[in-house]
Structures are given as C-alpha cells and as structure tokens.
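Q: One-letter residues, chain by chain:
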Amino acid sequence: MSFILKAEKLSKWYGNILGISEISIEIIPGIYGLLGPNGAGKSTFLKIASGQLKPNLGSIKIFGEDVFNNYKLFSKVGFCAEHDSYYKEVSGWEFMLFSAKCHGFKGKEAEQAVEFALNKVGLVEDKSKLISAYSLGMRQKLKLGLSIIHNPEFLILDEPLKGIDPIWRVKIIEMIKEFKNQGKTIIVSSHILSEVEAMTNNIILIHQGKIFAQGDIQEIRDLIDSHPHKISVKCNKHRLIADKMINYDFVLNIQFKDKENEVIINTDNRENFFASLMKIVVDNNIDIQEITSPDDNLQAVFDYLIGR
Amino acid sequence: MIFNKDIFDIFSFFFKTGLRSKRTKLFFFFSFIPVIILIIIKIYEILHPENKVSTLNLFSNIGLTFYFLLFIQLLSLFYGSSVINDEIEDNTLVYLTTSPVSKSSILIGKFMANFVISSVIILVGLFISYLISNFSHFFELRSLKEIFTFCSIGLLAILAYFSLFTLIGSFFKKSVLIGIVFIFGWESMVQFLPGTTQKLTIIHFVKSLLPANLTQKSGFLMFQLKASSTAESVITLLFLSILFLSLSIIIFYKKEYILSDNS
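Line by line, the protein sequences give chains S and P.
So in our numbering, the last spot in the first sequence is 308, and the numbers never skip.
So in our numbering, the last spot in the second sequence is 571, and the numbers never skip.
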C-alpha cells in the first residue's frame, strides 16, 4: 500500500531539549487530528513533515519522497504554519499573487487561483488592505488561503483555527471536510479537543514528543469518562445541590466557592452524575447559571491517560 | 526557463517590498547627506568667490570618503545580511521554503532585489554629488567618463561587500554585529599594517580602482603602500563576489533554520 506520509522512528532534538522521539506513523487519505498540549512536539513533527527541519534520526517520506530540500514536492503539499508572520509592506492580494506565481501560475491563471483561495477563506473584501492592517483572524485566514492556493493533495495545518471567529471556524471546518471528500489528505494539529472532534474521529495523541495513542476519538472519550472528573455548577442554590448529591456513590468529594455561588463536584461517573443533576435541578426549580468541566481539556486527557 | 521565472518572481516581489520598506526610505535620506553638504558649500562658493573653497576638492574629501569608506559598506551590510536573516527573524522563511521554488532561486532572486535597491540608493547620491561638484563642466567627456568610472567601481564594491554580508547573514544570527566588527575593525585596522596584509581586505581593491589623483588629494590612500593593478582589483572583487555568493547558496541549502515559535 502506498502511504501519503510515512515516518519511521523520527526523532528530533534541539540541543538538550527533546522535540520528538521515535515517532512512527503511516498516513493514507483522510483527515488526521494531531492532538497534544502546548510543547508536546506537534509543531516539531509538522515542521519536519513540511521540510522546515531535518530529523536527527529516522526518516520521513511524503508521496514516497524525502522531504528536506525537496522543493518540487510542494506543488502537491500545502502547509499552514503556526506562527503569525507576514510581509508588512504588501497587501493580502499581492502576497497571495506572489505565492501563486511561486506555485507556477502565470497571468490570469494566477489571479484566478488567488480569487479562489480568497473566496474559500473569506478575504475577498479585504484583499487590497495591507497585511499589517489585518486582524489576527484575517492573517490566519490568509495563511490558510496560501496553503490551499495550488489545490494541494496533502494539506498540513498547524493550529489552523487560531484567532478565527466562530462563524468562519465552522466554514473552515467544512472546507477541510470538503477537501477530504475530494480524496485529499489533511493533518490538522490542535491542542483543543473539540476543535479536532468537529473535523475528524481519527486522532493521533502526541505527548512529550511521543505518539501516545492513535485511533478513534470515541475510544479516547471513553477512557476519559471512566476517570474522575471535576464538574463545576454555578447557581442560586449551590449548597442544596451539594446536599442532594452527597448521598450518591459516584460523588467522590465536594468543594464550595460561596462567593461565586459555585459548587465543584468530583465524580467517577459523568453519565449518572448528569442524570441526577438534571433531576435535582427540575425537582427543586434551581436556576442554573453555568455548568463547566474544568477537566475537559487536553491536558486533563493526558493527565488521565498517563495516570497522573 | 522555470529557473529564470522563479528568480524573476522572487526578485519582483522583494524589489517591491524593499522599495516600500522604512529601511529604504531611511537609507535614501542618509545617502543625500553629502549632497546637502555639497549644495551648501556650492552656494557659499558662488556667494564668496574670494574664499578658496572648491566643491571638486570636497567631492574627493567628503563624497568619496562617505560613499566608499562608509556608506557602501553599511548599506551592503544591512541589505546583504537581510537577504536570509530577515526571513528568519520575521518567521517568513516558511512561505518561501514551502513553495516549489529551489533555495538557490530564492537566494539569488532576493539577493538581486536587495542589490538593485542598495545600488540605486548609492549611485543616485554619488551621481548627484558629482554633478554638484562638477556643475560647470559636467557634460565634458572627461567628467562623464569619471562619473561612469565612479559608478562602476561603486557597483563592484557593493557587489563584493553585499555577497560577503549575504554569506554572513545566511550563517550567523548576529550578522549585523559581525559585519560592523568587520567594517570598523578588520577593514580599518588592516590598512595600517605594513606589507601585503592590506590585500586581505576588500577596501584595498576598491581603493586601488579609484583614480589616484582624487584619492591622494583626500589622503584616501595614505596608508596604502602600493595599489593593486586595475585588472587584479576587478578580478579579485568579482572572484570574491562569486565565491561568497556560491557559499551563501550552499549554506542556505544545507543549513536548517529554526524559526522561533512554540513547538
């Protein structure tokens, strides 16, 4: 079987600092969510995959070819970098036109490619503005536009939704799914679980430079659900909720923050907890202000999975 | 042909951005400092003909010293080292290296853009300075030949320094600091040493090309024991330019540039 990307025992370190360690992965067409907390090694992996860095050990091939210094490969690969960088003296249109020309487009063809990409990311109206006048979200859209301008077969997106407004987040997620439906391959990195969940079920968990888990997101969710969870409830009768909840086996402990009308409950069964909470709320006519789960983030996932 | 198109595209983009940059506006302003001084002196010369002030002498004293001993080096340093260094510091290198364009095309295209901009800045100032100094007989064949010579030497000097600083910029992060040490340390210091050690500087070959009557008037070559021949100087400067530029391409091709961001 021919893989779009194949990495074998890929390792990279910066002096004494480990970037990634012995990452082996094989990717076929589809969307892959590369998940990990900040500093986990996601960007290092993607930089190697996009030819920005050379691995210290191991190998990586895209479409069966080496990546570093293989510039011709980038006619088929699009890369959206994480960092917010741009040329200050040019407009969005000029920058994209330059990129289109670098990808081999000429004259009208280049202009059409730019229009296509600007349309996809919603920057048509602001195309003539200097990039220095763009907001963070607009610059992020511009980077995304640059990565798709040549309609690549393989798209590498490092934190692509950072700074983008909620409406365009949905549109960009749809665009990524559309690319997948066209048979393309997309790797999306993020440290926000829900963001990746909206795009794909296929995830790669990376932690401390290693692939920690790989597979269906639901399996990861199930693992999370079986571990103790903190749930915070803010309401007008937070002590009443605590009073009712204390009798249940699945409640491990309870803390109060009276100033904020908040109760924090530790449970080892989220499903039963929420069913009981709803019953208490309805029976006692409680006005809920907010329910949050401070643990429902990626760092918590890793903490659970590695048994901290 | 694709190789040429890539270089042209890179050149056009960076020429445009370079012209619009604050750095270019600032250096254009500085390049006119001798012009302003010469205009003031010229006016004084016209108003007070009894005083022995000659703008022609001042051109060799101020103009040549300013352009050939300071401005060409500094401009080449800031524009030459920025060919690669700016892309690393601004984290924009990624846009170039993830395009299907070879690294040699990127470097040559941007090198040419910066080289043309800095050459224009210097040559315009040099030309106007000379024009003011030789206003009465500017269109004489001798004057035209002389300014053509100055401009050609200026271009050759820019090329040599530019290539060197591009090389330094492609290798070191603190390239400007290293360049300043080179200009004000090495290039200045070695001129005072006896023997052939002067040939270890670029300025020796640049000075050797300048007309002796003008340079000696200004004490421009006072520490130089013997000027190299024109042929030797031209060949050396061209050879050094090609060598430094080739090494820059090799380093840019081989070196891994780590951009600063969260991993």
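These aren't lab readings, by the way, just hints derived from the structure by calculation.
Note that this is a predicted model, so its numbers are computed, not measured.
Even for Gly, the Cβ is constructed at its ideal location relative to N, Cα and C.
Keep in mind that a hint or two might mislead.
What the simulated footprint calls covered on chain P by chain S, stretch by stretch (three residues with Cβ under 8 Å from a Cβ of chain S suffice, anywhere in the stretch; the number is not a length) [said to hold, decoys possible]:
hint : region
1    : 408-422
2    : 501-514
Cut-off 27 Å, straight-line C-alpha distance, at most; resulting in silico cross-link-like pairs (DSS-like, lysine-lysine) [to be verified]:
hint : chain 1 : residue 1 : chain 2 : residue 2
3    : P       : K313      : S       : K108
4    : S       : K237      : S       : K210
5    : S       : K9        : P       : K313
6    : S       : K257      : S       : K237
7    : S       : K88       : P       : K453
8    : S       : K76       : P       : K482
Q: Each of the hints needs a verdict: does it hold here or not?
A: Verification of the hints:
1. Here's how the region 408-422 of chain P fares: 4 of its residues keep a CB closer than 8 Å to some CB of chain S, so the rule of at least three is met and the hint holds.
2. Note: the region 501-514 of chain P has 0 residues with beta-carbon separation from chain S under 8 Å; the three-residue rule is not met and the coverage is violated.
3. At roughly 16 Å between alpha-carbon atoms, K313(P) and K108(S) fall within 27 Å of each other, so this suggested pair holds.
4. With a CA separation close to 45 Å, the supplied pair K237(S) and K210(S) exceeds the 27 Å bound.
5. Between K9(S) and K313(P) the CA atoms are separated by roughly 39 Å; this puts the pair beyond 27 Å, and the hint is violated.
6. Restraint check for K257(S) and K237(S): the C-alpha separation of about 12 Å stays at or below 27 Å, so the hint holds.
7. Pair hint K88(S) plus K453(P) does not hold up; C-alpha atoms about 41 Å apart against a cutoff of 27 Å.
8. Only pairs whose Cα atoms come within 27 Å are accepted, and K76(S) paired with K482(P) is rejected, the gap being roughly 35 Å.
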